[in-house]
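Asker: Given next are the chains, with one letter for each unit.
Number of protein chains: 2
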Amino acid sequence: MHSLVSRILQSEPRAVARALTMVENDAPDKRDLLRDLYSYSGRAHIVGFTGSPGAGKSTLVDSLLTYLRKQDLRVGVLAVDPSSPFTGGALLGDRVRMTKHSLDTGVFIRSVGSRGSMGGIGKSTREMIYVLEASGCDVILLETVGVGQAELDIMTVADSVALVVTPGAGDDIQAAKAGIMEIADVFVVNKCDLPGADTLVRELEFVLREKPILRENWLPPIVRTKASVHEGTGEVWAALQRHRHHLQESGYWHQRRLQRHRQETLKLIEAVFQGFVEDEASRNPRWQRALDWARQPDPYASADEILKDMPWIREPLDNPLQP
Amino acid sequence: MHSLVSRILQSEPRAVARALTMVENDAPDKRDLLRDLYSYSGRAHIVGFTGSPGAGKSTLVDSLLTYLRKQDLRVGVLAVDPSSPFTGGALLGDRVRMTKHSLDTGVFIRSVGSRGSMGGIGKSTREMIYVLEASGCDVILLETVGVGQAELDIMTVADSVALVVTPGAGDDIQAAKAGIMEIADVFVVNKCDLPGADTLVRELEFVLREKPILRENWLPPIVRTKASVHEGTGEVWAALQRHRHHLQESGYWHQRRLQRHRQETLKLIEAVFQGFVEDEASRNPRWQRALDWARQPDPYASADEILKDMPWIREPLDNPLQP
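Protein chains in written order, with the working numbering: chain X, 100 to 422; chain D, 100 to 422.
Hints are computed from structural coordinates only; laboratory data are not their basis. Just so you know, these numbers come straight off a predicted model, no measurement behind them. Any given hint might turn out to be false.
[What the hints assert, rightly or not] Derived coverage of chain D by chain X (criterion: at least 3 residues anywhere in the stretch with Cβ under 8 Å from a Cβ of chain X; other residues may be distant):
| id | segment |
| --- | --- |
| 1 | 131 to 137 |
| 2 | 392 to 405 |
[Claimed, not checked] Capping the alpha-carbon separation at 25 Å, the derived lysine-lysine pairs in DSS-like fashion look like this:
| id | chain 1 | residue 1 | chain 2 | residue 2 |
| --- | --- | --- | --- | --- |
| 3 | X | Lys407 | D | Lys325 |
| 4 | D | Lys169 | D | Lys325 |
| 5 | D | Lys407 | X | Lys222 |
[Claimed, not checked] Okay, the calculated bits of chain D under chain X, using three or more residues with CB under 8 Å as the criterion:
| id | segment |
| --- | --- |
| 6 | 340 to 346 |
| 7 | 370 to 377 |
A virtual CB, placed ideally from N, CA and C, is assigned to each residue, including glycine.
Build out the structure end to end from the sequences listed, making use of the hints.
Answerer: Written out as structure tokens, the structure is:
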């Protein structure tokens, strides 16, 4: 294990690939590996890309990847696909990208299914970020299929979120995106040569003016791109860099890391509790009686009955019930 | 409250609408209301509809609704839209449907956002089902936007799941659906007059033959429909009825209700624990030290530190630690 860790720290591609696979498969020795990697985390700029299917997220991420590599930055790409809950396999598009960059040792690309993560960004994604950070990635690009929970989750994982929109995607879609707009740090109007691009930019400007979205005192800029021909990619990166500097100068950079660690820790604790509750429910006769639907069809009443066995849940821990 | 309950039991439309709104808004007196309704639950046939956007789920549900009303069955429709996490409002299409059926007192239609449910089918949906069951609905149709977690969740809520597919939706989409196929009790090939319908049916038959999906000893039938002109709607209903009888005769009907009650109860307990953990984390100095990222960047180590304060989580409850 020690040699794997040192090989990851030297960003040896095969060691990094092996570690990512260990995380993906929830391998038994994953825990030991991660323990040695955590102290190297917290430095990479984690950028999330979200937006409707067809907006050109993959193309933009690909263009940005090429751009960043030219600047000799080490880049990790994680494509999160919440629409495939059963599989952890790579999408066709990612396989193509992987092949294209397969000889470049400064790039790591992985697809992550949302297995076990309730359709959002799961533990695997978070843990893969730790591996990529330890391997010396300067930038980690997270790409989500733009649906549901993953879009909101990305905010808790990424330092900067880019929302990719495109002209002519339909008014109702844009309206439905209103909520998602609140999480964007940078707006990217892709396919900006299509008719309607100017209107879309004006609409976004209008929304931003009417209801300024000042999360962390940052006014999200709007960048036009034509990612398929690498147009505007540099501007997207410049906007993301400005956001990073803003976060660092304002202290939000550090604060987000604190927050993320807290959330991850509490999630782990909740998972342990969940396992305990499942175990207890399948062996404790009192609980089984309380869970019997035929006897008691009200889940609130059943929950109250069971919670009586765990009075500490409602009492502060430094006020123990026993004298 | 008592009068509201009795008015719901008499299926008075305004009382049912008010109860659904109470559940939707998580009103403080919701709990009292539900307590009185639980004993009337467990009788309706809950049918979930899932499938890719554009497959014609809404049209099929609408056609089935008309069909069931002609048979004088009371019907509830819940449209679950996990893509709008921020709003609980109705989609345009549902407003249209609501208007169409607004004078029919045997129909209740509601849209449910996925607010607070991690992109899946949330507590609101489950609780609305209780209200609809108490109001005397014979059938409850659940329609999901076919993405991510809601598709899997529907299995835990519905008695029967219909997967709506359509010809020419693209091979990759069909492949990605492979996982979703496992949860289908009835396959509906909609828009069956489009070219490719026969191929799609043959493909489904092939998949079912090669890898028979015998969840609960049931071989899912394939039904062709053209929902826009009500073609095949009766056949869909017949297939769903056969599935219902299969569940009832095999005992799975009762078993699913037991299972659902157990899951709901455990979820409530987990929510209480989550609230406790959040409270404790914001006031307990020991926990705050353990959660400090700058001191300890490893969430597993932080979780272990905190779990030391709750040894009972790992110990069976009828083996208390204190002598």
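Asker: For each hint, tell me whether it holds in the structure or not.
Answerer: Hint-by-hint comparison with the structure:
no., hint, result
1, 131 to 137, "holds (count 3)"
2, 392 to 405, "holds (count 10)"
3, X:Lys407 - D:Lys325, "violated, 54 Å"
4, D:Lys169 - D:Lys325, "holds, 19 Å"
5, D:Lys407 - X:Lys222, "holds, 23 Å"
6, 340 to 346, "violated (count 0)"
7, 370 to 377, "holds (count 6)"
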